[in-house]
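J.: Chains as they are written, first to last, in this note's numbering: chain A, 1 to 160; chain B, 1001 to 1423.
Treat the hints as calculated values from the structure; they're not laboratory data.
All residues carry an ideal CB built from backbone N, CA and C; glycine is no exception.
You may find that some hints are simply not true.
[What the hints assert, rightly or not] Taking lysine to aspartate or glutamate pairs in the EDC-like style, the calculated list, with each CA pair at most 16 Å apart, reads: (1) 157/A - 1055/B; (2) 1397/B - 154/A; (3) 117/A - 132/A; (4) 1048/B - 154/A.
[What the hints assert, rightly or not] Stretch by stretch, here's where chain B covers chain A in the computed footprint (C-beta under 8 Å, at least three residues): (5) 114-128; (6) 148-154.
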Amino acid sequence: MDKGNVWKFGDNIDTDAIIPGRYLTINDPKELAKHVFEGARPEFAQNVAKGDIIAAGRNFGCGSSREHAPLALKGAGIYCIIAKSFARIFFRNAINIGLPVLECKEAERISEGDALKVDFKKGIIENETKKEKYQVVSMPEFILKIMESGGLIEYTKARL
Amino acid sequence: MSGQTISEKIFSRAARKPVLAGEFVLADIDCAMTHDITGPLAVKGFYKILEGRKEKRVWDPDKIVILFDHQVPADSLDAASNHMMLRSFAEEQGILNYDIYEGVCHQVMPEKGHVLPGDLIIGSDSHTCTYGALGAFSTGVGSTDMASAFATGKLWFKVPQSIKFEISGKLPDRVYAKDVILHIIGDVGADGATYAACEYCGPTVKDMNISERMTMCNMAIEMGGKAGIVEPDEKTETYLKVRIPGFKFDSRWRSDEDADYVRRHEYDISALEPQVACPHNVDNVKGVSEVEGTKIDQIFIGSCTNGRFEDLKVVAEVLGDNKIAEGVRVIIIPASRDEYMKVLKAGFIEQFVEAGVLVEAPCCGPCMGGSFGLLGDGEIGLATSNRNFRGRQGSAKAFVYLCSPATAAASALKGRITDPRAV
Ligand code: SF4
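This is chain A alone, in the form it adopts within the complex (with noise of 0.2 Å):
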């Protein structure tokens, strides 16, 4: 079990939000953090912990494939990303390069600031602020096991 304080966002946040086009040239993790939502919350990239967690509403990672929005906010040291739904290649991406995405019906009942555990194997958040506990939607075992192995990188590593 792994806890974090959480970073609350709303819905349809978008992959231009987590990173803008103007920083793609850089492929390195941590100097993407430095501007990770530079223009949609300025103050994230400063004071983001190691071992924070995002709450969001529906379509979390929309837009573009950019890998650099899932990698910039690994580099932030973003600990896992709860939603109520996610953009399809953003999800993908997370899951690819081992940055945890879980789908949670009821992420609107999080709040900033909530101190959050998460258990990946039972795939419960317990909310240790509200004193509640969340389902997570369950995923195929393959992802799961890609998920384990840090990253498709390593899955197809082994696999090959």
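Knowing the structure of chain A, use the given hints to seat chain B with the ligand on it.
T.: Only chain B with the ligand this time, still in chain A's reference frame:
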């Protein structure tokens, strides 16, 4: 087994077994495209996968296409070194690299004959869904997916459910495919088709040429779609015959009568007015009459959505001999070298420059806000491209409206958002 949609048929072939929506498959990739923004990470990932091996070869160099379009010509040292890295990767692996010469990926791929009906194509760019205009299943993936495909030629997919968009009615004067797709996105919302294949059909789509179908498929991602797709027909055949020597039309690639759809939407567009997507979401769509008069600082006409000859011909018609309004900057970028040549030969380039337009060489230009033509704080942009997210074309304090080439051209004459039927 019940009937299959065209998408299910394509996945059945690529997975070498009959499949229906919802199944997970490991599918063979027919073609993979990558470009200057997402390519470098894909190449890095590829070498990581093959770390420790003597042979570091891609699965099939003939099935990969590389090109540069987002930061062209290189606009920074970082872009230059990304280009260099991809150049040497292509050369070392024997991969076709169009480099900076041909234009925007989603225009170049169909145009150069890399897209066939029934193919499963991936591109490390979200608008890869464009190639569905030719009856291929094409979808955007990230760099790590691309790296894995480079190494193995395969990728995992969930066979998508399909949504049928049946469109009827004759397009009214100065109303185009762009208005239709904006209207649809406004109707279903930014996540209205998440994970699904958006199948466009009906008499209006039948009547559309390939350029218009590309506009429709291009924007499937803006409602969350995994792909946009149109059943190939004689128009597809005509388009491909001149591009692919010996091309044979295969009537297999169509949806069965009894195929299963998660949803069906019907639209009669015969009374549709020109549409505009307002800041800061593509699904914030209004009729042009509601936003008419909004003052504009910059107009961008181009991109993989609307940068083809057919689009620029409309722009030329609407502009006529007139000059653009004072105080508005207008940038026109044909989507590819071929389209540029057509526009050039038709005399439009001269007409545009005379009108006061800045015409640039084929590339993505201001579309992604990663290169030139950025909007400053508080500025208002109008564009024929596909995204108006906050910060997409420069400052997070700028505003972007999306519209058809006709509406963009009419607005260029007035410096304000203008109904193209009024000029
Ligand atoms: S023109 Fe715009 S949407 Fe199309 S590939 Fe280039 S940046 Fe992406």
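J.: Would you mind marking each hint as holding or not holding in the structure?
T.: We went through each hint and held it up to the structure:
With a CA separation close to 14 Å, the supplied pair residue 157/A and residue 1055/B stays within the 16 Å bound. This hinted pair does not check out: residue 1397/B and residue 154/A have alpha carbons roughly 40 Å apart, beyond 16 Å. A distance of roughly 11 Å separates the Cα atoms of residue 117/A and residue 132/A; the hinted pair therefore holds under the 16 Å criterion. For the hint pairing residue 1048/B with residue 154/A, the CA-to-CA distance comes to about 8 Å; that is within 16 Å, so the pair holds.
For the segment 114-128 of chain A, the stated coverage by chain B is not satisfied: 0 residues place a CB nearer than 8 Å to a CB of that chain, which falls below the threshold of 3. Only residues whose beta carbon comes within less than 8 Å of a beta carbon in chain B count, and the segment 148-154 of chain A has 3; three or more means the coverage holds.
In the structure shown, a violation is registered for the earlier hints numbered 2 and 5, in ascending order.
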